[in-house]
Every structure is written in structure tokens, then in C-alpha cells.
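Residue numbers (the UniProt record's numbering), protein chains in the order written: chain A, 1 to 333; chain B, 1 to 333; chain C, 1 to 333; chain D, 1 to 333; chain E, 1 to 333; chain F, 1 to 333.
Rather than coming from a laboratory, the hints here were simulated on the basis of the structure.
A virtual CB, placed ideally from N, CA and C, is assigned to each residue, including glycine.
Be a bit skeptical, because a hint or two may be false.
[As the list claims (entries may be wrong)] Label pairs and their in silico Cβ distance ranges:
| # | chain 1 | residue 1 | chain 2 | residue 2 | range |
| --- | --- | --- | --- | --- | --- |
| 1 | B | 289 | A | 245 | 20 to 26 Å |
| 2 | B | 320 | F | 71 | 47 to 53 Å |
| 3 | D | 19 | E | 54 | 54 to 60 Å |
[Said to hold, decoys possible] In silico DSS-like pairs for lysine-lysine, Cα to Cα no more than 27 Å straight-line:
| # | chain 1 | residue 1 | chain 2 | residue 2 |
| --- | --- | --- | --- | --- |
| 4 | E | 310 | F | 245 |
| 5 | A | 29 | A | 88 |
| 6 | A | 310 | A | 271 |
| 7 | A | 245 | B | 310 |
| 8 | F | 88 | A | 88 |
| 9 | C | 29 | D | 29 |
| 10 | C | 245 | A | 29 |
| 11 | B | 245 | B | 271 |
| 12 | B | 245 | C | 271 |
| 13 | A | 245 | A | 271 |
| 14 | E | 310 | E | 271 |
| 15 | D | 271 | D | 245 |
| 16 | F | 271 | D | 245 |
| 17 | D | 271 | E | 245 |
| 18 | E | 245 | D | 310 |
6 protein chains.
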Amino acid sequence: MPAGEFCNGSPPPPPGSDDEEEWLWSQIKAEARCDAESEPALASYLYSTILSHSSLERSLAFHLGNKLCSSTLLSTLLYDLFLDIFTKDSSLRSATVADLRAARYRDPACISFSHCLLNYKGFLALQVILFVLFVCGVLVRIINCIPDLKSPRFCSSVDLLQRTVLCCFQAHRVAHNLWTQCRKPLALALQSRISDVFAVDIHPAARIGKGILFDHATGVVVGETAVIGNNVSILHHVTLGGTGKFGGDRHPKIGDGVLIGAAATILGNVKIGEGAKIGAGSVVLIDVPARTTAVGNPARLVGGRQQPTKHEEIPGESMDHTSFIFDWSDYII
Amino acid sequence: MPAGEFCNGSPPPPPGSDDEEEWLWSQIKAEARCDAESEPALASYLYSTILSHSSLERSLAFHLGNKLCSSTLLSTLLYDLFLDIFTKDSSLRSATVADLRAARYRDPACISFSHCLLNYKGFLALQVILFVLFVCGVLVRIINCIPDLKSPRFCSSVDLLQRTVLCCFQAHRVAHNLWTQCRKPLALALQSRISDVFAVDIHPAARIGKGILFDHATGVVVGETAVIGNNVSILHHVTLGGTGKFGGDRHPKIGDGVLIGAAATILGNVKIGEGAKIGAGSVVLIDVPARTTAVGNPARLVGGRQQPTKHEEIPGESMDHTSFIFDWSDYII
Amino acid sequence: MPAGEFCNGSPPPPPGSDDEEEWLWSQIKAEARCDAESEPALASYLYSTILSHSSLERSLAFHLGNKLCSSTLLSTLLYDLFLDIFTKDSSLRSATVADLRAARYRDPACISFSHCLLNYKGFLALQVILFVLFVCGVLVRIINCIPDLKSPRFCSSVDLLQRTVLCCFQAHRVAHNLWTQCRKPLALALQSRISDVFAVDIHPAARIGKGILFDHATGVVVGETAVIGNNVSILHHVTLGGTGKFGGDRHPKIGDGVLIGAAATILGNVKIGEGAKIGAGSVVLIDVPARTTAVGNPARLVGGRQQPTKHEEIPGESMDHTSFIFDWSDYII
Amino acid sequence: MPAGEFCNGSPPPPPGSDDEEEWLWSQIKAEARCDAESEPALASYLYSTILSHSSLERSLAFHLGNKLCSSTLLSTLLYDLFLDIFTKDSSLRSATVADLRAARYRDPACISFSHCLLNYKGFLALQVILFVLFVCGVLVRIINCIPDLKSPRFCSSVDLLQRTVLCCFQAHRVAHNLWTQCRKPLALALQSRISDVFAVDIHPAARIGKGILFDHATGVVVGETAVIGNNVSILHHVTLGGTGKFGGDRHPKIGDGVLIGAAATILGNVKIGEGAKIGAGSVVLIDVPARTTAVGNPARLVGGRQQPTKHEEIPGESMDHTSFIFDWSDYII
Amino acid sequence: MPAGEFCNGSPPPPPGSDDEEEWLWSQIKAEARCDAESEPALASYLYSTILSHSSLERSLAFHLGNKLCSSTLLSTLLYDLFLDIFTKDSSLRSATVADLRAARYRDPACISFSHCLLNYKGFLALQVILFVLFVCGVLVRIINCIPDLKSPRFCSSVDLLQRTVLCCFQAHRVAHNLWTQCRKPLALALQSRISDVFAVDIHPAARIGKGILFDHATGVVVGETAVIGNNVSILHHVTLGGTGKFGGDRHPKIGDGVLIGAAATILGNVKIGEGAKIGAGSVVLIDVPARTTAVGNPARLVGGRQQPTKHEEIPGESMDHTSFIFDWSDYII
Amino acid sequence: MPAGEFCNGSPPPPPGSDDEEEWLWSQIKAEARCDAESEPALASYLYSTILSHSSLERSLAFHLGNKLCSSTLLSTLLYDLFLDIFTKDSSLRSATVADLRAARYRDPACISFSHCLLNYKGFLALQVILFVLFVCGVLVRIINCIPDLKSPRFCSSVDLLQRTVLCCFQAHRVAHNLWTQCRKPLALALQSRISDVFAVDIHPAARIGKGILFDHATGVVVGETAVIGNNVSILHHVTLGGTGKFGGDRHPKIGDGVLIGAAATILGNVKIGEGAKIGAGSVVLIDVPARTTAVGNPARLVGGRQQPTKHEEIPGESMDHTSFIFDWSDYII
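So here's chain A without its partners, still in its complex pose:
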């Protein structure tokens, strides 16, 4: 994306820098102003959702309140809830910024930040889940507490997954009591509204990192004890599901930088290593090592179980869904 595309005249600051939020909001307003001028039929919509607001969190709270409201859950009530939390907590806002950046840079069909803010249901659903996590006292964006993971590009030489899982474990201890004690009814009511409005069903106790892209998002299902690391990209119809009728840790753990193709189904408490790639339509019931590719139903590792092919790229960022085909077509004769 050439710098010339930014309407607000200044180049974006480095990801994660202090003034990124401010820059982004000014950029979003510039885009919306430009769109309102070229398309009068949308101007009212753009003013009410973006241009009449004084900050990104007010705009987001307003938009979510109006999207998720129903005749029995009023928009004013939802707006009030969202705004209260988004205003209080700066880490939530920086997570929002990272998710907007993820959609803008990884999805070639995403033409502007304001487009993502208004129209991407994966992005919008995720913000509600983050809100719920925060409200429920779960450690939000669990990996935040590990400083060197904050960089948008994770350090591939370290087994981040281990640390993620460790961290999750600690977070889970903290969260467990909170979750069982507290604001579950609110969390579940919001999950239900997201499922109705966006057809996205993410359990509010799932733990999700930063810089996540849910592309298209329709039909995504993420279970209660699932964990998703940083910079992961997940396509539509993906299931991170459980098994059995009893509680406990029963859903997948997804490492940083993973790419999960459309309609892939991953079931049970399995580990998808950092930088792994799951092909579209795959059914995965076993662990997948870091930086390998699993495809098919049942899923097999490209290159074979013993010596799977390893790739250098970070699939969650490169979004390359089909490069394994050459190996694969060999494999399938």
C-alpha cells in the first residue's frame, strides 16, 4: 500500500508506537470525509458512525451498539457498556488498532481502515469478545504481559507456543474464579447477539491474541477453552471445537502467526505450532508442528509425518493458501 493512499497526508507511524492510535483515527476520519463527499447517499451513515464522534472508541462503541441491539437489548444500554470499558482501558484500544492494521495489510480486498471499522464483521465480533473478556476480568490479550511478544513480527527462533501456553495456564488460574463468579450472563448474551448478527460464534472465555484477522468471518466457531496467539489469520467457516460432554480444557491451542484456511475444522485439545499452516477444508485432530503445513481430511503433514516440509514464511501474515499444492499433488499422485 503506497503512502500516497493515505488521505490524511502523513505516513503511518511504526506499529505499536504511542501515536499510532491518534494517527489511525485521523486517517479514518479523513477517509470517511472523503467518502461522504463522493457519495451523498452514505453521508448520513458516515456522519452518524464516524464523523460525529470525537474518538475511535466512541465511534466503535456507537457502531457496535447499533449493530448488536435488538428490541429487548437497547442500543443505548450496549453503547453505554462498550464506551465505559473502551474509554477506561488503553490496552483494549491498542489491541483494536492492531486488529485494524491486520485487516488493512493482510486482506487485499480491504481498501481502507474505515471500511474495516464499519464493515468487517470478523473485526467487529472480535472487539466485542475483547470487551467481554475485559469485563469478565480475564487477563485480556494474554500475551501482553510478555514484552518481546508485543512486536507485530514475532521472533521465530523462540518457541512462543510454549510460553503462550504457559501464560495461558497462569491466566486461566486467574480467570477461572472470575469466570465462574461473575458476569457470565452478560458475556453469554453478547455472544448470542454476535452469533445472530454476524453468524460468528466465539465463546467469551476463549483467549485471543493481538493482530488477529478473521477474514469474511461467517460461520467461525471458537470454543470455550481455545487459545489463539498473536498475528493469526483465520478464514470463514473455521471451527476450533471441543469433544465430549464434560468440561475442562478441550479445545485447540493456536500458536502465533498461524494461517487457518476456509472451512478447516480443528477439534480437541491439540496444539497448532507457531507459523503452521492449515489447508482449507482440512480436518485436524492431532498436533501440528511449528512451520509445517497440514492438509486434507483427515489432515496429513505435507512432506510426510516423519519429515514434514518446513517453510520460512509466516503464513498468518503472507496469507498464502495454496503454495503447498506442488508438494501435495506429488503426494496425491
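With the hints as your guide, set chains B, C, D, E and F onto chain A.
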């Protein structure tokens, strides 16, 4: 679920007993009262949907009316329709009770009956379909007429599927005229609303048993001549589809106690035997014998076609999605 | 469908003839009048959506405006937009007629034209996309310019796909500037509403032919540079997706008369030849020759890669999803 | 009104006869059907409000629920409340019938019963007040218990007012405890909605007879301890107000057959005798004897205080607002 | 109003000139644009109601549709009705322009044309009544056919009232059949909505001239056979009422240039001469000669019945409500 | 009102004391909780409007946002505007408290503070006007700056009106620029919504004191340059109107403690002295001295112009509307 979890202080009566409906409604109100106190932001919602009503059927009719209404189909009209039928027919109400019980006991993420009543779109969609079946004169919950099938645990030693199919056939003869003569426009309008609001598309002429769990439910498609027995559990994105452009009996017949994993596709007038298990992502185009497991695309029987492995459990109740993996991984090397 | 089923007393004119639109509208009103009489609870709905309108385009604009509106996108605004374009352009209207015919004749569960007009979300989503294409200046229904393709039955002896692709290429050159210059914000806002309301996500820059059936439609995702020929039938959960994080021509090209089964995933800039059939649940990453069948994950050609079995039928019209099973079951043993 | 004007082909039964309600409902449906045919733009409205309902009380409950609902008081809730009571109590329904008849025969601008049912806010507000009275346990339509008052034409030779007031006194004793104990919050919430929606402010503890016409109705204010007899006609902007800041019986008592002209203000616990006439714009602070006329600000009796002119007609039925002008113009020179 | 106040930079054209409508619309858009910039909270509202529209009639139809809609009368239906007529008939549009001018120049609290268009309920109610008159086939703006009356300042030397009444008589002959034959249900439904939403109750058969100001408007009641000439100003709570229970010509006839003060009540088929003034709170039951002043309850002529004081001004334009006080205070001692 | 009536168990603190707001809010919540328990049908309404909020200003902002919203002015936008100002400014909140107290103690039909907060449209309209005044920079509650006027009982021995008017004059100088420069569009849009929803039309530039009771409120009109002192009670249909078509100071000035009866009309820049009483239906065009009573149309002073009867009570607090009748009836014979 330990008895201590029940807010209303008394243990649940045996499934199917006469006072189960009353107990359940008192339990739901106790849960809602408890939630309203701990979460004032939701209290208005809980009062309007549950606590202000005098019975389960009024609460359900109110909730469905408000969920499914649109600017051209008013909530008052839908409420009136639902309430009229739910009040009249006690068999519909006992089916509702069985479905609530199915979700509460089989889905570990389901923390209360009120949570299911308010938020489970699989449950809600199913109640509308039952309403429609009743309105259209189709014999509701077809197996009701066979007394010994009413037990929530089906008798595994009998080939229930045969009787189901037989019964269906008889029901179908009765239903056929009704369906072709009568309230199809209403039935189809409601199907359309369910598809818009819940992304669940169940044809109103499908015949569906008791104690059904549609878990997550997003993307489920059930065709016109499909039959689903008792105590079946079906995950999201499952298709029970037809083939060809001509009418007639062209959709799957699912026996009692079957478990169908996420994103499985079953096409054509095939029989899935009682207690069978269909793996996630499977594509099934042929009959599956009772108590066997079919996985993969195209689906194969675990243990092989000639002597498939048989299991003792009832998968629709145990919800075990992945235990076949040991056999399978042998199979796939 | 016997002629006796038509309420308005006259047989349908030949497809594509000048008076087809008029006949269809009179048929739809006759159906709605009949339904309103037999089902008073729906009469208000049928009058507001169909019977109070003077033409098919007014009825459609009204219905879409009320379906897609939200608290920030008013129904009056949407109605105004749709009506303006539908009234102006007769080619859009004839495309609408062809799509109604496609649903009515190919889907045995479709009992009337009015049922399709009111309740088929695949049909409704498609009309919005066509509206958007027109508004954005993209050559609508691209293959219109090739006269002999207008026939509802395409001439199987010609490699239409080549011409389609050629035509697409030319259209794309024209469209490219328009798309980059113009009404993208409106197009994307409508895409977002379709995705929320119908769970159907079709990029407004995709190019789509006439006589298309999106059956059930839930979960369909069609990417930015995808092309869909005439008389194609696409089931629910189908993905025509891209790969990579960069723009450019990166989505599938679907020839005329193709049938794509439920939950099939086709990725990348691959060509599905005219009259090909893609089995349910298949994952297709490579070209599929005309009139062959691809099934499985990864998808293979029935009959083998070297000499795939060729069929005479047009699967997009016959809707036969499972006939390949005989070959296949041989194949899989 | 010539008999030929009745669409349903049969002449109206005598007022108060048993089959009047049935005849009226059939007449209203006939009128609505006729209007729906001649005005397609209104057909949807007429079907939803009248033609889709099976009885007058359902239609009325539906219409009131939709008129009075707000974002915090749902239409389904109001519909449920109204329907429950209207269905239970036949005396409420016969009062509704008498009020419809009053508007139809006394207001020359009232062209049909359905017009009154749908559009007369005085009529609609009154039905809600009656509902509230019933719900609060106040003896509804207080004079019902005196049989010979039930006739639509009251017997002018009897001082009905005395009996009315006596009866009120008894009713009040019963009502007092109920009013102070019970459903005041509901009553006051409905009063507030009527005041917002219709600009009609009738305290729910006021006691109101049968056959009342509130013509135009805008701005009518009736206080807490006011009593209105049978067959009274009250124009818009009329106040039946109190005085002082303490409770107790402080509002006017209006006898049977009284006519109160537009913008008249009657204050304090004064008695307006049966068959009296209050001129438009009058300010009345003292008792007015039966069958006399009071006009002016301050109001004086036409003919003088000592020997006021007496009329034979029943002004509440003749609706003659200006005949006193001859006497008056003499009076005023 | 100094010319400098006009945002759009050009002075207003002469009243009634051909380009006045165009100038006014450009002025309204300039005002709205200015307001949207200075008050972002209102920008969405101003864009949706004014700035997104291409003409005054579209803006007005949109605004009225959204103001008057209810859950049973959809905004899209009303918008469609209004737009259809406003677009067709240029005389309706020129009447709208004259009414906007009347409010802007006569009411010192009216700060802009856009303020009047959006917020003046007297103006808005009047436009609906004009629409209804047109739809019903009544000769709209009855005096239009007399050319020399079109001037915004009427010629005071002519007894316009005579001609008005004559014209009314002719119009009435034409209208009578139409009114009895045709679109009464629609007319009365709209009257009812105006009464609910604006508390303004104007019978759709009343005949109303051009350049009318209904100031504040709350509580205005105008009866079925009332006639209002050109350039009349009417304050809130004014009643032009009838008498008796029989039909026929029973409401007041108001001449050109009349001013009727707040809460005045005029009853019966009396004539208020051109340029007369009716004091606030007056009750008028007899004819009032041209250019005289009637005050009090009952109303008397200032200066005495025999030789009433005559004024030169046109009260409907000067809006002088209290200048008679000097005469009057003499009169009342 | 005996202390026993207060649900929250503690007696009210002295008016104006620091903890009055806190006490009132706790009292309102206690009342609402009590009502919610006794009337389940209203519980949802009471929770959403009162019980789910953490402060009086949040409850009020929520309630007003939902009352005044329309399809083009969203409730979330209004809520945001109201909450922002109510939270910031404590003087606005103390004015709200004084107005609630005024209604509760002066209107015998007002049974609780929560009843007033939810249902009194006079109270609600007034809060919006105060909000608008604040937003527009006009000195709110103008007399606030004169300390000894803050007492709820004004000191009758001082000519407060003089000081009020002086203060107004100064306030007006400040306000003039602000009003002409700034947020007029917002102010007028809100005035319009109040007029539509409550039928109350108060110009946002009017200046209004503390402890005001607008009883019933329907039809009240207050002009642009009107001033209303402290502890004034105004009944419904009252007009404080202007005269003429030019701007400037042209509306009444109402002193402290005045009572204005129903349907009274006061026109022009006249002064109503402190503690004066205006009879119902009066038309007042001249000054009324302090503590005298004016009645009739045209209004005269009770006791005669030269030596009008003076009363000791404060009519705005005693609410005695009719005690003058003894003098008056002498007067009128």
C-alpha cells in the same frame, strides 16, 4: 452437573415426568432472578424475556416473536401465532422441555437452562420448526405415537430406525395432503426468518424427533424430506441435503442417538443407523450401519467396509467427536 | 411443474421473451393473493411486500430496503437507491426474471415464484450485488454482450469458457478504472449488510452471469476477482476464494452450467470448465476440465486425471449431486 | 346514516342487544375489506390491524399495543396485557361497542366504524383508561350496576346524577384500597404513554360512563377524582381539573348526557347536572343545574342565574354547540 | 431579514417567480451544510433529511415519511406515496414554497428555511393535508384558479372572500363526488397520524389557501367543511369547529389575510371577513366583518357592533396580536 | 406527605442541601424496586429506565434519549449528548432535583418521585430545555447567581422580580452573542422533538428558574424572550406568547411563585408580579401587580384595578386555583 447448581433448591424430577415442565420453569426463573441481581445491565432484558411471564410457553413465544420480527412481520403478530399453539398443545411443550434438557446436559459450555432458552439459536430455531410442523398438521415429533420410544434413553437393542422410517412413512401419508393444501406460505415465511436471523435453514416439512441438540447451529441446512430421530446431536455447518431437481423422498434419514460432527455433509436418501457417528467434515453419500463411525471425504467406515468397528456408547449423548482417531490414524498411517 | 400450478391462468411465455417479465409479475401477484386469502396472518405481509406494488421492481426494491435497513441505514434511503436503478435499467430486470426462473425450476423445494422473491436469500443477495455492479459502472452480467449465450440452455459444443474469460478480461479493463474511481463505499456498505443479514459474502467486484441459483446460500463467499458464468448452481457454504496478501486476479473462474456442491472450497485463479461438477465438501486448487467431475479433499477427477469421465448433462441445471458415486465407490474401495 | 351504508348487508341490531358486538365486528371487517380493495397502499395496514384478527378485542389490543409501544415498553408486552383483560371481561367489550356507536352516530365526520376504531384517539385513549380501571380493580363503568341506566338513551325524568354520585361514592370506597394498594405503576405508565402519543391526559382513577365521545380529543385533561356519566360528549382541549395541593375529592362530576364544548375549563368539585351544556371556551367554577346552558369566562347561565333557560334536548347526543347564541346575543347586546 | 443572512450568496427572487423553488432549495442546502459543519452531532440528521437529496420534494417526502411512519404504516410506503405526488404536481411544490416563505418572514423565531422545513409541525402537517387533497381529487389550493389572487399580497380593495366562497362552492361540487367515491381511507389514516404525531387535527376535506402560517400548531383543529383563504396566520390551540350531529356545510370560512390568535374558538358556518383579526382566547359564533377585530368570550367587535374600528394593516402578515388593547381597555373600563 | 411514605427508610434532607441529590436517587431506586416487585409486567421497563443505572443523571439521559429519538435522530446520539452535559454540570443536577421536588409536593396526583421522573412530560421537557440552555452557553437557571434566591421558599418581602429582570437583562447580553453564534440548530431540533413527543413547545432561548411545575404540560407554549422565575407553577395549554413579526423582547416576564391556570394566554412583554395568580382561561395583555389575581377574558384584577385584593399565600406553591371565586362571583353577580 452437581445438584447444588440448581438455584431453585429442589433436584430435577426424572426426565419425562409430569412435573418436569413445572420444575424447569421454576428453575429458569430462579436462574434469571439470580442473574438479574448480579448484573443490573441485563436485568431489564431478563425481566422482559423471562421474569415478567407466567409460563415457559409465554416466555418462549415472546422471545421468538421479538427475535424473528422484522419491519414487515410484526412482533405482536408472531407472538400471537406462537402463543396460540404453544398454549394449546402439551406435546409441543414436552418436546421443548426435552430439547432444553438435551442442551443443558450434553453441551459443557451450557451453564444454565435460561442461557439455552435465551441464547441457543439451534434450540430456538428448532422450536419454530416444531411450531410450523404443528400448524401445518404434520404429525409432530413423529415418534410420539410409539410409546416405548418416549423414554429419553432409547432402547438400543431394537432397530429403532426401521420403526422410525415406518412411522415416517405413515406420517408422511397424513402430512402430504396437509402440506400441499395448507399453511405453506406461513411455514416458508418463518423458515426464511430463521435463515436470516439464525443462519439456520431447516425445511418446515422435515420431521424431527425429541431431545435434539443443534450445537452452535450456524449454517445447518436440513432438507424437505429429511428425518431426524430422537436424542440426535448435530453440530454447526451440517448439511442433510438432497440431490436432483425433482421432488420426492430425496434427503437423509437419521436414526436415534446419532452424532453428526461439524461441517459434515450427508446427501441423498441415505440411512444413518441408530447410534452411528459421522466425523467432522465428512461427506457421506451412502448408508452408514448402526453404531459404526464414518469419517473422511469421501466418508469410509472406521474398521473398514466389511467389518466396521462397532461402539457401545450412544454418540448423540456422549458427544465424543474424536475417539475414532486411534483406529483412524492406524488406517491412514 | 404442471401448467395447472400457475394461478394466473396463462402458461409461461418462453424464457427470455419480451412479455416474460409481465407474465411473471402477474403470476407472483396471483400467488400472493391466493396465499393472503388462505392465511390471514400473512396477508398484511403479502400486501406490504407484493400486492400494494405496481411492478416487480418496486416490490423488490421495497423488500430489499426493509430487509437490509438498520438503525443507521434507513429503509427509505435504500428503497430510493434500489428503485432508482431497477426502474432505469431493463437489463437488470431481465436478469432478475432469469434468476427467479432458475430457482423455481431447479429447486424442488421452491413452490412458487413469490416464495423465491420473498424468502430466498441467495436470490435477494444476488439482486443487491447486481444493483451494486450497475451502480459502480462495471459491465453488468458480462456475458450479455455475446448474443448466443443468452439462451437459457448454453450451446455445449462451444468452449464458452474461453469466450467468457476473454470477455471478462475486456470487461475487467473497463471496470477497473470505474471500480477504483467510484462508488466503492456504497458497494462495500451494501456487501456488509448482505453479509450481516443473509450471511452471504459476495464481493461487489465479482462478475456474475444470468440464471444463477444460490441454493440455501448461507455462508457463500465469493471473492473480488471471481467470475461466474450463466446458469450456474451454487450450494451453501461454497467458497470461491483467493490466496496471498496482494491484489490482482486471484479468484476462481466458473464456466457456464457448472454445479458446485455444498461446502466446496475453490481457491486461487483456477478455471472450472463449462458443465463441470464439483462434489460437496471438495477442496479444489487446480483447473477442472469441462464436463468432468471433481470430488474429495484434495479434489480429484472422477475417472482419473488422465482420462476423466465426461458427462452429457448440464449439472447446473440437472442438480444431480451424487451420481458420480458409482465411479467413486469403485475408486475408493 | 341510511341503512344502505352498511357494507355487511344486514341492518344494525338494537343498541345494547346481545348480538351487537358480533354485528359490529362483521361490519368493521366488511368496511376494512372494502377499503383494502379500493386502496392497495393501505391494504397491508388494514390487514395487520383488522382483517387478520378473529375478534374485535384482538384487533383493538393489537392496535393499541402498536400505537402505545416505545423502545422501553414493547408492543408484545402491551398486546399481552390488553388482550388478557379484553378477552376476560365482556362488560369491557360492551362498553367498547357503545363508544364506537357514540362516535359513529354523533360525529358527522365519522364515516365508518373502522375509521373510528383505527383513527379516533379519543376512542382509543378511553379504551386504555377502561382497561386500567379494570386492572386496578376500580368498578369499571360504574353505572353498569344500575340496570335502567344501561339504555343508550337515559331516562331524563330521573335525577341520574344523584344516583351516579351515590354509586360513585360506593365504588370509591371499594376502589380506594385497591388503588392505593395495587397496580398504580402500570396505570400511571399507561397514562403517560396516552399523554405522549395522543396528547390526552386522563387520570386512571377517574370514573367514566358508557357511550362517551371524546371528539378530536387533543389536549383533554381529566383529573383523578373526576366522574363522567353516560352518553357524555366532550370536545378537545377540555379540562376537568382540580384545585389545591392536597388530595381528596377535588374534580368535577359530570352528569349523563352533558355536552362540553371545545376548550372549556371546569375546575374543582362542582356538579354539572344531567343534560347540561357547557359552551366552548367557558370557565366553570360553580355547579350548573340540569338541562341548563353555561357560557362565557367566567361562565354564566343562559337566561340568568335565577331562572336559567331549560332545554328539552340531550346535548351530549344532539351535539348542538351554538343554539344558545340567540339568547346569548340578547344577553350581551 | 437582511440579505446578508442568506448563505447561498444570491438574493431571493420575487415571490412566486419561476426560479423561486430552485433558489429556495439551494438556500436550504446551504443552511444545512453550514449547520452540519458547526454541529457535528446533527450532521448525520441533516445529511439524511436534506443534504443527501436531490430536490426539495424528495427531502420533504423523506422527512414526512420518517416522521409519520409507525410500526403498521411503514416509512417506505409513506415515502413512496408522498414522492409520487410531490414529483408529479408543480402546483403543490409552489404551495410548499409559499408556506415556507410565510413562516420565514412572519415568525421572528424562525431563523432559517431549513429550520422550518425540518421542525415546524404546522408547516409539515399542512403539506400532508395538501397531499391528501390532491390525492383525493379535491381542487387543491382552491384559489389557484383565480390568477390575481396568486400574488402573495392580496388586493385589499376586492372582497376576496366572496370569490373564495364562490370558488369553494364550485370546488366543492367537483370534490363532493370524489370525496365520497375515493381515497377517504388513506386520507383519514394520514389525518390520524398527523393528529398523533403533531397534535394537529385538520380534516382532509378542509380547503386551504396558500401562504398559510400555522404558528406552533399544537392543538389546532380544523373541521371538514372549513375554508381558509390565502396568507392566513393561525396560532396554536385554534379551533375551526362545527356544530350539530348532521353533515353539511357547518364549519367557518376564513377570508384572506386573517390573523387568529392563540386558543381562539370559531364555531359554525360563520364568515370571518378578509383581513379580520380574532383575539387570543376569543369564542366566535357570529360573522366578523372584513378588517375588524373581534375579542373576548363571547367575542365582540372592537369599537362596537354598529361601527367597529377598521384597520388598514393585513393582520395575517403583520402578526400584531395586541394592538387593539388600547381600544379594548377603554371598552372594559 | 407523611415521612412513612418514603421507601428508603430515611427522611428527606432539607431542600437544597448537599446530600439531597443522593437521597433522592436512593429514594427513586427504592420506589422503582418496590414497583418492579409488585408489577412484573413493568419490571423490565423499570430496570431499563431506572434500576440499571448508577446515577440520576444517567437514568434521566437514558430515558430522554429513548423518549425523544426518531428514525433520523438516534437514541444513542441523544443519550450521549445528554449524559455528557448532565455529568459535567452540578448546577443542572440541582435544578433537576428542585423540579422533582416541586412536582412531588405540589401535585397531589404525583404519588412518587419515580412516577414524576418517568411520566411527567412537563418535567421531562423542562430538563431538555435546561440542557439546551446550557449547551447554548446561556446562563442557565439565571437566578442561580443571586444567592438568597436559592432558597426554595422565596423571601416575599423583596421585589424579586426586579432583580430577576435585571439579572435577565445581564444574562441576555451574555447570551445574545452565544445564541446568535452557536448551537442553534441542535437547540431547535430538540425543541421540535419535544413539541412532537410531548406537545410542549418551549423556545430554547426562554429563561426559566428553579422549582418549576408544568402540570399536565400538554399544549404549553413559551416564547423566545419569555422569562419564568423560581417556584412557578404553570398548568397545561398555557401560552406565554409574543406579538408582531419583528424580533426583540416581546414575551411575558413571570415573577417568582406565580400560578398560571389552565389555558391562560399571556401575550406581549408584560410583567406578572411575584406571587400573582392568573385564573384558568384568562387572556392577559397587561401587567399584573405582585400578589394580585387576574381572571377572565379580557383579564381583570379581582377587587378592581384601583385596589386589587392582595393575598398572602404563594399561589405557585399552594396551587389554589379557585379561591377567588367568592370575590369574583360578587363581581359578576
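A quick look at each hint next to the structure:
no. : hint                      : result
1   : B/289 / A/245: 20 to 26 Å : holds (24 Å)
2   : B/320 / F/71: 47 to 53 Å  : holds (51 Å)
3   : D/19 / E/54: 54 to 60 Å   : holds (57 Å)
4   : E/310 / F/245             : holds (20 Å)
5   : A/29 / A/88               : holds (22 Å)
6   : A/310 / A/271             : holds (17 Å)
7   : A/245 / B/310             : holds (20 Å)
8   : F/88 / A/88               : holds (18 Å)
9   : C/29 / D/29               : holds (23 Å)
10  : C/245 / A/29              : holds (25 Å)
11  : B/245 / B/271             : holds (21 Å)
12  : B/245 / C/271             : holds (25 Å)
13  : A/245 / A/271             : holds (21 Å)
14  : E/310 / E/271             : holds (17 Å)
15  : D/271 / D/245             : holds (21 Å)
16  : F/271 / D/245             : holds (25 Å)
17  : D/271 / E/245             : holds (25 Å)
18  : E/245 / D/310             : holds (20 Å)
Of the numbered hints stated above, none is contradicted by the structure.
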